[in-house]
Amino acid sequence: MSRISNQIRRLRFDHGEMTQEELAQRAGCTRQTIIALEQGKYVPSIELAFKIAHALGVALEEVFQYEA
Amino acid sequence: MNFKQFTAIRILVIIIMAGFISWAVVSANIWIPIPVVIAAVVVMMLLRRRVREVVVDERVYSIAEKASLVAFRIFGIAAAVIGITLVALGWQSASDLYKIGLTLAYSACGLLIIYYIAYLYYNRKYSGKK
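Sequences listed follow chains A and B, in order.
The first sequence maps to residues 1 to 68 in the working numbering.
The second sequence maps to residues 1 to 130 in the working numbering.
Certain hints may be false.
[What the hints assert, rightly or not] Computed cross-link-like contacts, DMTMM-like style, restricted to lysine to aspartate or glutamate with a CA-CA straight-line distance of at most 25 Å: (1) A:K41 - A:E21; (2) A:K41 - A:E17; (3) B:K125 - B:E58; (4) A:K51 - B:D57; (5) A:K41 - A:E67; (6) B:K4 - B:E58; (7) B:K125 - B:E65; (8) A:K41 - B:E58; (9) A:K51 - B:D96; (10) B:K66 - A:E22; (11) B:K4 - A:D14; (12) A:K51 - A:E17; (13) A:K41 - A:D14; (14) A:K51 - A:E62; (15) B:K4 - B:E53; (16) A:K51 - A:E61; (17) A:K51 - A:E21; (18) B:K125 - B:D57; (19) A:K41 - B:D96; (20) A:K51 - A:E38; (21) B:K4 - A:E17; (22) B:K125 - A:E47; (23) A:K41 - A:E62; (24) A:K41 - B:D57; (25) B:K4 - A:E22; (26) A:K41 - B:E65; (27) B:K66 - A:D14; (28) A:K41 - B:E53; (29) A:K51 - A:E22; (30) A:K51 - B:E53; (31) B:K4 - A:E38.
[To be verified] Partial list, derived from the structure: chain B residues whose beta carbon lies under 8 Å from chain A: (32) V54; (33) D57; (34) E58.
No wet-lab data here; the hints were simulated from the structure.
Don't be surprised by glycine CBs; every beta carbon is placed ideally from N, CA and C.
Produce the entire structure from the sequences given, and follow the hints as far as they go.
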């Protein structure tokens, strides 16, 4: 299991109940990737992580957390 | 066009292509698959351009990389083991087994050479060396 967790699901709802499809379009990835991220089954590249944070309008560390 | 429509058309194109290739095999005509495969590739490229959603992203590439590595290992090991076994079995008689074994063994060698060249290329590309 990855040590990187994320708050994508919560932030989507905080962001006017943004759909997975909408976030995927804004971040330039597929909806399947957003689903995998929310379920903790996939760890994104730094670039995609920044794009998601940018799409959600928050800082990177608000979206992704590393549990040492 | 959305991704679902694109997927449905892609499956349809694959079915049609498979039908033509089956027909080519049955009728022993090697010239049928060539234009069919070219047409299918062109159609898929044109369709992909019309899809507004992202069709392929880094997760898909990551899955493809993992699948390629697994396929490489399985084929490489299987081709080497089966190839050497067949060469050993047909060594004295120089039978078809021997030829098939040699083909498999050389395929494994070719695969290893391609892998090594690709590895060197990417290792150099991502190492910062000039």
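The hints, checked one at a time:
1. Taking the CA atoms of K41 of chain A and E21 of chain A, the gap is near 18 Å; set against the 25 Å cutoff, the hint holds.
2. Proposed proximity of K41 of chain A and E17 of chain A is supported: the alpha carbons are some 22 Å apart, at most 25 Å.
3. Restraint check for K125 of chain B and E58 of chain B: the C-alpha separation of about 19 Å stays at or below 25 Å, so the hint holds.
4. Restraint check: the Cα-Cα separation between K51 of chain A and D57 of chain B comes to about 13 Å, which is no more than 25 Å; the hinted pair holds.
5. Restraint check for K41 of chain A and E67 of chain A: the C-alpha separation of about 16 Å stays at or below 25 Å, so the hint holds.
6. For the hint pairing K4 of chain B with E58 of chain B, the CA-to-CA distance comes to about 20 Å; that is within 25 Å, so the pair holds.
7. The suggested pairing of K125 of chain B with E65 of chain B holds, with an alpha-carbon distance near 17 Å, which does not exceed 25 Å.
8. With a CA separation close to 14 Å, the supplied pair K41 of chain A and E58 of chain B stays within the 25 Å bound.
9. Taken as a hint, the K51 of chain A and D96 of chain B pair is broken in the structure, with Cα atoms around 57 Å apart against an allowance of 25 Å.
10. For a cut-off of 25 Å, the pair hint linking K66 of chain B to E22 of chain A is broken: about 28 Å separates their Cα positions.
11. At most 25 Å may separate the alpha-carbon atoms for a hinted pair to count; K4 of chain B and D14 of chain A exceed this at roughly 28 Å.
12. The straight-line distance between the Cα atoms of K51 of chain A and E17 of chain A is roughly 18 Å, inside the 25 Å bound, and the hint therefore holds.
13. A hinted pair counts as satisfied when its Cα atoms are at most 25 Å apart, and K41 of chain A with D14 of chain A qualifies at roughly 22 Å.
14. The straight-line distance between the Cα atoms of K51 of chain A and E62 of chain A is roughly 13 Å, inside the 25 Å bound, and the hint therefore holds.
15. A hinted pair counts as satisfied when its Cα atoms are at most 25 Å apart, and K4 of chain B with E53 of chain B qualifies at roughly 10 Å.
16. Using a Cα cut-off of 25 Å, the hinted pair K51 of chain A and E61 of chain A holds, with the two alpha carbons roughly 13 Å apart.
17. Annotation: proposed proximity of K51 of chain A to E21 of chain A holds, straight-line Cα distance about 15 Å (limit 25 Å).
18. Our distance criterion of 25 Å between C-alpha atoms is met by K125 of chain B and D57 of chain B, whose separation comes to about 21 Å.
19. At roughly 48 Å between alpha-carbon atoms, K41 of chain A and D96 of chain B are farther apart than 25 Å, so this suggested pair is violated.
20. For a cut-off of 25 Å, the pair hint linking K51 of chain A to E38 of chain A stands: about 15 Å separates their Cα positions.
21. Restraint check for K4 of chain B and E17 of chain A: satisfied, since their Cα atoms lie roughly 23 Å apart, inside the 25 Å limit.
22. For the hint linking K125 of chain B to E47 of chain A, the alpha-carbon distance of about 19 Å falls within 25 Å, and the restraint holds.
23. Restraint check for K41 of chain A and E62 of chain A: satisfied, since their Cα atoms lie roughly 19 Å apart, inside the 25 Å limit.
24. Taking the CA atoms of K41 of chain A and D57 of chain B, the gap is about 16 Å. The hint holds against a cut of 25 Å.
25. This hinted pair checks out: K4 of chain B and E22 of chain A have alpha carbons roughly 16 Å apart, not beyond 25 Å.
26. Distance check on the hinted pair: K41 of chain A and E65 of chain B sit about 17 Å apart at the alpha-carbon level, within 25 Å; holds.
27. Using a Cα cut-off of 25 Å, the hinted pair K66 of chain B and D14 of chain A is violated, with the two alpha carbons roughly 35 Å apart.
28. Restraint check for K41 of chain A and E53 of chain B: the C-alpha separation of about 22 Å stays at or below 25 Å, so the hint holds.
29. Distance hint between K51 of chain A and E22 of chain A is fulfilled; the C-alpha atoms sit about 13 Å from each other, no more than 25 Å.
30. Under the criterion of a C-alpha separation no larger than 25 Å, the hint pairing K51 of chain A with E53 of chain B is consistent with the structure, at around 16 Å.
31. The straight-line distance between the Cα atoms of K4 of chain B and E38 of chain A is roughly 22 Å, inside the 25 Å bound, and the hint therefore holds.
32. Hint status for V54 of chain B: holds, given a least beta-carbon distance of 5 Å to chain A, under 8 Å.
33. Below 8 Å, beta-carbon pairs count as interface contacts, and D57 of chain B has one with chain A at about 4 Å; its hint therefore holds.
34. Among the interface hints, the one on E58 of chain B holds; its C-beta lies about 6 Å from the nearest C-beta in chain A, closer than the 8 Å criterion.
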